[in-house]
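Residue numbers (full-length UniProt numbering), protein chains in the order written: chain L, 1 to 581; chain H, 1 to 581.
Just so you know, the hints here were simulated from the structure itself, not pulled from any lab data. Check each hint, because a few of them may be wrong.
Since the list gives no way to pick one copy over another, a pair counts as held whenever it fits inside one copy or between any two copies.
As the list claims (entries may be wrong) - Subject to a maximum C-alpha distance of 20 Å in a straight line, what follows is the list of computed SDA-like cross-link-like pairs (lysine to any residue):
#, residue 1, residue 2
1, K404, M233
2, K97, F86
3, K296, D515
4, K97, P76
5, K254, K296
6, K88, R143
7, K171, E59
8, K2, E59
9, K88, G292
10, K34, Q120
11, K34, I67
12, K126, H469
13, K183, D570
14, K444, R524
15, K565, E533
16, K2, E121
17, K12, R119
18, K88, E78
19, K2, R63
20, K24, I8
21, K171, R63
22, K12, E121
23, K88, N289
24, K546, M233
Number of protein chains: 2
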Amino acid sequence: MKASQFLISTLKEAPADAEVVSHKLMTRAGMIKKLGAGIYNYMPMGLRVIRKVEAIVREEMNRAGAIEMTMPVVQPAELWQETGRFDKMGPELLRIKDRHGRDFVIQPTSEEVVTDVVRQEVRSYKQLPKNFYQIQTKFRDERRPRFGLMRGREFIMKDAYSFDRDMASAKASYQVMAGAYRKIFDRFGLTYRAVAADSGAIGGDLSEEFQVIAATGEDAIVYCPSSSYAANMEKAEALAPSQPRGAATQALTKTPTPGKSTCEDVAALLNVPLSTTVKSLVLATDTLNEQGEIVKSQVWLLLLRGDHDMNEVKVGKLPGMEGGFRFATLSEIEDHFGCKPGYLGPVNLKKPVHVVADRDVSVMADWICGANEEDFHITGVNWGRDLPEPALVADIRNVVAGDKSPDGQGELAIERGIEVGHVFYLGTKYSKAMNATFLGEDGKPQFLEMGCYGIGVTRLPAAAIEQNHDERGIIWPDAIAPFTAVVCPIGMDRSEAVKAEAERVYNGLLAAGVDVILDDRGERPGAMFADWELIGVPHRITIGDKGLKDGVVEYQHRRDAQSSKVSTADILAHVQARLSA
Amino acid sequence: MKASQFLISTLKEAPADAEVVSHKLMTRAGMIKKLGAGIYNYMPMGLRVIRKVEAIVREEMNRAGAIEMTMPVVQPAELWQETGRFDKMGPELLRIKDRHGRDFVIQPTSEEVVTDVVRQEVRSYKQLPKNFYQIQTKFRDERRPRFGLMRGREFIMKDAYSFDRDMASAKASYQVMAGAYRKIFDRFGLTYRAVAADSGAIGGDLSEEFQVIAATGEDAIVYCPSSSYAANMEKAEALAPSQPRGAATQALTKTPTPGKSTCEDVAALLNVPLSTTVKSLVLATDTLNEQGEIVKSQVWLLLLRGDHDMNEVKVGKLPGMEGGFRFATLSEIEDHFGCKPGYLGPVNLKKPVHVVADRDVSVMADWICGANEEDFHITGVNWGRDLPEPALVADIRNVVAGDKSPDGQGELAIERGIEVGHVFYLGTKYSKAMNATFLGEDGKPQFLEMGCYGIGVTRLPAAAIEQNHDERGIIWPDAIAPFTAVVCPIGMDRSEAVKAEAERVYNGLLAAGVDVILDDRGERPGAMFADWELIGVPHRITIGDKGLKDGVVEYQHRRDAQSSKVSTADILAHVQARLSA
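Just chain L, with the same shape it has in the complex (with noise of 0.2 Å):
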């Protein structure tokens, strides 16, 4: 490619919206273009790199036995009122109606449709297993579309749909494809990790994200640096601590804490370590008669270490809340509690509730936590003699750096990612609700067990943008460069030689493979190299009359702090060896 025949547009500034530096530099580089809220031109040089995904993608995909099919963009709502999605999906989901008057959607996901798909086509398991994927337009309506490519509204995904005849079966091919997957991301040249993650109702551990590692991520990742765990912060177990409970050695003594409402104002004020404070967080779960309403409510207390965060996740599993909870309001805290938040603890209750402590609050001794009194706390806390030992003892907090890794290999570590693949057993979730059988081998019908694999295509560059960049650019990995090499002549109109050598090399480097654009636009250097660093092509070779004299062009990789003289006998192997580095 010549940029003459190419569009290179470059921004000096970032747009006003742009508050991550993927979107910054996105923009700035031409890569995309926005239309709307959420909505993108991808741009002829951010096509490239997304095609370059999409390629590397589409070839691991069919390696690993998937086969490719597309499902429409808009799809009726028949499908999506079958599993009750239509209904229970928020806003996000894009409703539609044709010019009949009829309901539709714009994909967001295709289970529905890829289940319709293999109701009709597999009748046998020895049609079984089968795994379809396609890579394709999605769009969710977010209510706060940013971060660029990150969180549009409009994406393109590659999503992949597994279906077997039994569950152990599905799990081998829920394998199969967190293999594709560490192919794929291996060849992307970024650093990631897969998580374990929450699999919801469906139960199992069959739950993991591919999260590219970067320290503007949205999502905390927790891993032990000295073995294999990984999951992510809603999945990661905070072990029971291993030493038991001390013995109480303090009275229990009210003690005046005025206007102290947080468990760290408390132990500043006491002068005493966050961790001997106990938080009380009030929730609530509500019994529903047939018509939904609320017949009966169950209010609760969870209690935290004070330098401990609640996780919504865990409490969500514990026995009594799989309908959901919510936080308690101020007349059911007054109610039973006697007081008003920050204040609140489990001694001296006003009615009773239902206890949960956390495992490390459980083994605690001469605790601190809220007086049930304004502006008075409770010293020297102990379970059994001030308070009934807990009804329920449960991990329902956050890991934190330093807490023992549950494979029991060492400490965990926390660092941030952004999630860009997951692998999920699905179960026969969706095929009970569309009633999408085979008949096994025994002639009966029987529910197929499926599985979903998402690769968010379009938000894999700004993954990599945010883990590859510096103050001048973006840094691509070459696997899904744009381009691979740049080959940046000065003086192209003025010199012949450094025409002839220009082309020479740019030859030399298209006829051994490599995506590379020869920047014949005539820019002066400086602006050529600014608009290069911010694109982020890897490699890039300047020609130029001085170093021509002596027989040599230099060579820059984007990484490296300076430029390198390299002959011009030399050059093709060069650039060639360091690609394949």
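Please arrange chain H on chain L, whose structure you already have, making use of the hints.
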């Protein structure tokens, strides 16, 4: 690809709603699966064809200097309001509202968005010409979607848009695209014709349709077998007859023609050629005031030879018709002719009308038309004697086979075609509406000159099938076949020799870059052959124990009447020879 790893899903019966052969065969061959009216899943077998079409289009577009980008499927209404198309377009433009109640459309084309991009990107004439294209999902909410992929609602289109500094440059860009389209359609291996098309209000003659020739085509194509002239029916000119008008020889005679209200019936009754009759078409034009109310109507009488048909596009271009026309109402007809339709004519009018005679009618003598009296016609009608010379003589009819070619090179012939591509000079229609300007060499802003260029990517396979099929199924051209070759082993599970030779041939073809599938499903030969003949894979190699004993396998091209024996030593070369044939 091995068949066991793919989805081969053929049907004995075509769906009840399939009216055309391509719809029937694509469904039966498992290439598409209906999801809703005009909305199809592209099944794995069909998607392979679509991807090959896309690849050829992409390659030739790139070669022609067009730059690929992608514009969103969901587009904000604002740009469509700028050009007025948001309001002007009918319900085929699918309008939607997002969660905030903002208006959007699903793109049927992208003139607005690409013009918006270019008006931001292009500042100077130095950046021109530019041509941007995308291969992207489109939606047109057809009132009556049918014919499978031929007239679907959701479809894939390649749309390109050229931007130039002046008309001369725009015409050059247009010619580059027209040339690229020829290369593309040549590569598809289809019989097609590029035909001049009407360019509507823009004028000029820079509009060509690319029509795949097929007896089942919706469009009539006019061409001259002895020259390069080709046009669609709307556009093809009917030249003025070269012979002068004959002298009047008959007296004007009123003739009873009870119940004979068509030219055909009258000609049969009077036993004269249909070409001696003249049919009267009564149209009307309205003058509107600023409120859009009709303030005045004009009645027109169009006269055509009884064996000719009116051409609406030509009529729409008559002076006075620019604002559109309609058929006259019954009361307008009674009012001007004093008679009901079926017996109308230009002689003895009750009120004056604007008479337009087709060129052929203007040279007729002794002709027959309605008497403006029910159940009567008049014969021996002659211009100048029985009625004034026509106010206007014009080409207002469709050409018929045997008409003189407008280029003077012979006679016209007519065949049927399916429009799969269109190149169109747009001028400044969109750039003016959207104020898309660039600075010319004189430093003054000028409107961009545009062209647009479409290829129906998902329609093309359907057109290819309409042109290439037989009673057994599809016959794909090599370039767009889902698989180029299929290896069919007979009794692979019983015979090691068959299995080994099948693998050898399969791997040999793969290594030679042939897109081959090995049918390892273990189907019986009859069912296996029927599948591949239905699917339409052009090259088949059948391997059986019996032949292998003689050192031969069977080769059959999908168009061959029977298979031929080829030695195992020669089979790879034989297939490749047939491929390049």
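Here's how the hints hold up against the structure:
When the C-alpha separation of K404 and M233 is checked against a cutoff of 20 Å, the pair qualifies only within one copy, where the shortest distance is 14 Å, while the shortest distance between copies is 80 Å. In this assembly of identical chains, the alpha carbons of K97 and F86 lie at most 20 Å apart whether taken from the same copy (13 Å) or from different copies (17 Å). For the homomeric pair K296 and D515, neither the shortest alpha-carbon distance inside one copy (66 Å) nor that between copies (66 Å) is at most 20 Å. Taking the closest pair of Cα atoms, K97 and P76 come within 20 Å of each other both inside a single copy (9 Å) and across two copies (17 Å).
Taking the shortest alpha-carbon separations for K254 and K296, neither the intra-copy value of 34 Å nor the inter-copy value of 96 Å comes in at or below 20 Å. Taking identical chains as interchangeable, the C-alpha atoms of K88 and R143 lie at most 20 Å apart only when both belong to the same chain, with a minimum of 17 Å there against 30 Å between chains. Proximity of K171 to E59 under the C-alpha cut-off of 20 Å is found in neither arrangement, the shortest distances being 22 Å within a copy and 41 Å between copies. Proximity of K2 and E59 under a CA criterion of 20 Å is satisfied inter-copy only: 16 Å between copies versus 28 Å inside one chain copy.
When the C-alpha separation of K88 and G292 is checked against a cutoff of 20 Å, the pair qualifies only within one copy, where the shortest distance is 14 Å, while the shortest distance between copies is 46 Å. In this assembly of identical chains, the alpha carbons of K34 and Q120 lie at most 20 Å apart only when taken from different copies (11 Å versus 40 Å within one copy). Taking the shortest Cα distances, K34 and I67 sit within 20 Å of each other only across copies (19 Å), while inside one copy they are farther apart (33 Å). For the homomeric pair K126 and H469, neither the shortest alpha-carbon distance inside one copy (50 Å) nor that between copies (32 Å) is at most 20 Å.
Neither within a single protomer nor between protomers do K183 and D570 lie at most 20 Å apart by alpha-carbon distance, with minima of 33 Å and 39 Å respectively. When the C-alpha separation of K444 and R524 is checked against a cutoff of 20 Å, the pair qualifies neither within a copy, at 74 Å, nor between copies, at 26 Å. In the homo-oligomer, the alpha carbons of K565 and E533 lie at most 20 Å apart inside one protomer (19 Å), although the nearest pairing across protomers, at 61 Å, exceeds that limit. In this assembly of identical chains, K2 and E121 lie within 20 Å of each other by CA distance solely across copies; the values are 18 Å between and 47 Å within a copy.
In this assembly of identical chains, the alpha carbons of K12 and R119 lie at most 20 Å apart only when taken from different copies (18 Å versus 53 Å within one copy). Taking identical chains as interchangeable, the C-alpha atoms of K88 and E78 lie at most 20 Å apart only when both belong to the same chain, with a minimum of 14 Å there against 31 Å between chains. When the C-alpha separation of K2 and R63 is checked against a cutoff of 20 Å, the pair qualifies only between copies, where the shortest distance is 12 Å, while the shortest distance within a copy is 33 Å. For the identical chains of this complex, K24 and I8 are intra-copy neighbours only, at 16 Å inside a copy versus 46 Å across copies, given an alpha-carbon limit of 20 Å.
For the identical chains of this complex, K171 and R63 are intra-copy neighbours only, at 18 Å inside a copy versus 46 Å across copies, given an alpha-carbon limit of 20 Å. Taking the shortest alpha-carbon separations for K12 and E121, only the inter-copy value of 14 Å comes in at or below 20 Å, while the best intra-copy value is 54 Å. In this assembly of identical chains, K88 and N289 lie within 20 Å of each other by CA distance solely inside one copy; the values are 19 Å within and 51 Å between copies. Neither within a single protomer nor between protomers do K546 and M233 lie at most 20 Å apart by alpha-carbon distance, with minima of 56 Å and 65 Å respectively.
Violated hints, listed in ascending order, are 3, 5, 7, 12, 13, 14 and 24; each of the other numbered hints is respected by the structure.
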